[in-house]
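J.: Just so you know, the protein sequences line up as chains E and W, in that order.
So my numbering is basically just the index in the first sequence, starting at one, shifted up by 176.
So my numbering is basically just the index in the second sequence, starting at one, shifted up by 176.
Read the hints as simulated data drawn from the structure, not as lab findings.
As the structure is a computational prediction, the values presented were derived from the model and not from experiment.
Please note that a few of the clues may not be correct.
Since the list gives no way to pick one copy over another, a pair counts as held whenever it fits inside one copy or between any two copies.
Listed next, the in silico DSBU-like pairs over lysine-lysine satisfying Cα-Cα at most 30 Å (straight line) [claimed, not checked]: (1) K283 to K186; (2) K238 to K473; (3) K240 to K393; (4) K362 to K192; (5) K454 to K362; (6) K245 to K283; (7) K192 to K321; (8) K238 to K186; (9) K326 to K473; (10) K245 to K454; (11) K283 to K393; (12) K483 to K326; (13) K497 to K245.
Chain residues, written in single-letter form:
Protein chains: 2
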Amino acid sequence: MKEAPKTALKILEIIKGASKVCVVGHIRPDGDCIGSQLALTLALESQGMEVMCWNQDPAPAKLKFMDTKGRFQPPSSGHQFDLVIAVDAASYDRLGEVAAFIQDRQKLINIDHHPSNTRYGDINWIASASASSGEMVYQLIQAAKWPLTKEIANCLFTAISTDTGSFQYPSTSQATFVTAGHLVEKGANLGMICDEVYQSYSLSRVRLLKRVYNQFKLTENNQIAYLWLKKSDYAKTGATRADTEGLIDHIRAIEPVLVACLFEELEPGVTRISLRSKHPQVDVDTIARQFGGGGHKAASGARIEGKPMTVQRRLITVLRKAIRNQL
Amino acid sequence: MKEAPKTALKILEIIKGASKVCVVGHIRPDGDCIGSQLALTLALESQGMEVMCWNQDPAPAKLKFMDTKGRFQPPSSGHQFDLVIAVDAASYDRLGEVAAFIQDRQKLINIDHHPSNTRYGDINWIASASASSGEMVYQLIQAAKWPLTKEIANCLFTAISTDTGSFQYPSTSQATFVTAGHLVEKGANLGMICDEVYQSYSLSRVRLLKRVYNQFKLTENNQIAYLWLKKSDYAKTGATRADTEGLIDHIRAIEPVLVACLFEELEPGVTRISLRSKHPQVDVDTIARQFGGGGHKAASGARIEGKPMTVQRRLITVLRKAIRNQL
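Extracted from the complex, chain E is given alone in its bound form (with noise of 0.2 Å):
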């Protein structure tokens, strides 16, 4: 196991002086941060702690199974906390409107993996080189000497799981794959979690990835393929942005292509941007910042604004030249 660095150290001590504690998440929560929320939620409870676990959002259909006692809820006002705990946030923005319900708090913690991370919170543990932020609370846990329950090691599989696609991506490390055996061997359900987040489809999902086939576009001789999802594909297929969740992925996985662009659009003149590179000398959190955006060398994001077709123009120019400077 990896040893807890001295900042995690210093988080243990602030959180045993705690009593009244609030853990929150970034908005449009994925597995990493409801799995990091939940996780640390439950361990703190262990230790006779009143805690909280807040996020704008509720958790995306696939992912409710980890939330047995139904602890993932929405903020609600009039809460004094010692401490507040964020996880996986990369900015303080990115709390969304749960911002405005933890302003009355002695201390904030900031623990994410995200390199983007602003460093908001009065300490800040920051691990650009962990694949999760579940394998951090994991160290967390390990550190304390917390105890390790069978629905904290589920909520933690799945938050390494989702984060790796799966213990695939190039950011899964030895020691992440020590970790998922340790906590398979505390009891994590492999078996379940893999069926209810990557074996479960709905139906409205189904409709989504057929328009995905029907309307992708690739350019830069195959090298570039991008996708429009557009305000009416959620009309006309019942689907929600939950079941946009690795929908990129499919377009990343076409054997030519290097580079991967979902655009979404959020309001008329918003675009939200997905990016991912599969390959090592293009990368998307350098172009995801000269959009406002941030995230990974391999996977990053933005919000645009501006007109459909000028964003798309744009950002295919950046990534064109991109591809062109390396190969």
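Since the structure of chain E is provided, determine the placement of chain W on it from the hints.
T.: Only chain W this time, still in chain E's reference frame:
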């Protein structure tokens, strides 16, 4: 690390006395078979042995990256072997045409993880609790203290990853994760391997997937999903049989679906059916046997003669009855 069992140590003793060895595997080899064969071949060569690595069939395109030295070959006549080692082959029949070329041998060793293994070797090491044969070859190499080179690590990681569905099948154990982690530490290029194996679909396969999403049908209240692949689908998409691997999983993964069925036109009047069940009481092995085929409870197949629409009607009727009997 799991200790190598006594049989493995006995096998090591025999290997150490051999100088000309042939490593064989099963027909239509998959990632576990090819990875295990190549890893063992390279390890034995590092010990100064003369080694042939034979398989009746070539490696599928997406698995060729493992064979950097062109060691994986069809069999040839005129060889005498001190030792033939079969890996990942559940029965002697599964060696296919290779069997005729390995008659002149002192001993046959059988290393496999399939519970159905027929124990056809002079010495048999059958570890049905192992998620892959790759894990067994890893144990052997570790017990022998042979060097675990980067190339061997790549082969073994691919073997383990593919035979666990990327660490998703319930057979995946703590030992599987610990082994995978050690292979990554020894230089297995996880990013490259997963890109080759999981993230690299030919354009022809993508065109075939588009047809899957446009053409699949749901019936029996969305509990049965089925799909036809006609010869014309291959012609129109440029896809080959190799491109159909895993296609059925796309319709199996639809949430309300209990049984998925793929109908493939082999020639006019001859259809291959593939069945997948997600319901523990709907046993598609039994169903396939009614049509002269078989397999496992959750995955089976058969070849059926007759007009396509007749075949479809007969099968769907049986599936419908099986589902209604259980719910």
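J.: For every hint, state whether the structure bears it out.
T.: Outcome of the hint check:
Only within a single protomer do K283 and K186 lie at most 30 Å apart by alpha-carbon distance; the minimum there is 13 Å, versus 61 Å between protomers. Taking the shortest alpha-carbon separations for K238 and K473, both the intra-copy value of 27 Å and the inter-copy value of 25 Å come in at or below 30 Å. For the homomeric pair K240 and K393, the shortest alpha-carbon distance between copies (28 Å) is at most 30 Å, but the shortest distance inside one copy (33 Å) is not. Proximity of K362 to K192 under the C-alpha cut-off of 30 Å is restricted to the intra-copy arrangement: shortest distance 24 Å within a copy versus 39 Å between copies.
Taking the shortest Cα distances, K454 and K362 sit within 30 Å of each other only across copies (23 Å), while inside one copy they are farther apart (34 Å). For the identical chains of this complex, K245 and K283 are intra-copy neighbours only, at 27 Å inside a copy versus 58 Å across copies, given an alpha-carbon limit of 30 Å. Taking the shortest alpha-carbon separations for K192 and K321, only the intra-copy value of 12 Å comes in at or below 30 Å, while the best inter-copy value is 46 Å. When the C-alpha separation of K238 and K186 is checked against a cutoff of 30 Å, the pair qualifies neither within a copy, at 35 Å, nor between copies, at 48 Å.
For the homomeric pair K326 and K473, the shortest alpha-carbon distance between copies (25 Å) is at most 30 Å, but the shortest distance inside one copy (33 Å) is not. In this homomeric assembly, K245 and K454 come within 30 Å of each other (Cα to Cα) only across copies, at 25 Å, whereas the closest approach inside a single copy is 39 Å. For the homomeric pair K283 and K393, neither the shortest alpha-carbon distance inside one copy (48 Å) nor that between copies (55 Å) is at most 30 Å. For the homomeric pair K483 and K326, neither the shortest alpha-carbon distance inside one copy (49 Å) nor that between copies (49 Å) is at most 30 Å.
When the C-alpha separation of K497 and K245 is checked against a cutoff of 30 Å, the pair qualifies neither within a copy, at 49 Å, nor between copies, at 36 Å.
Hint check: violations occur at hints 8, 11, 12, 13; the rest are consistent with the structure.
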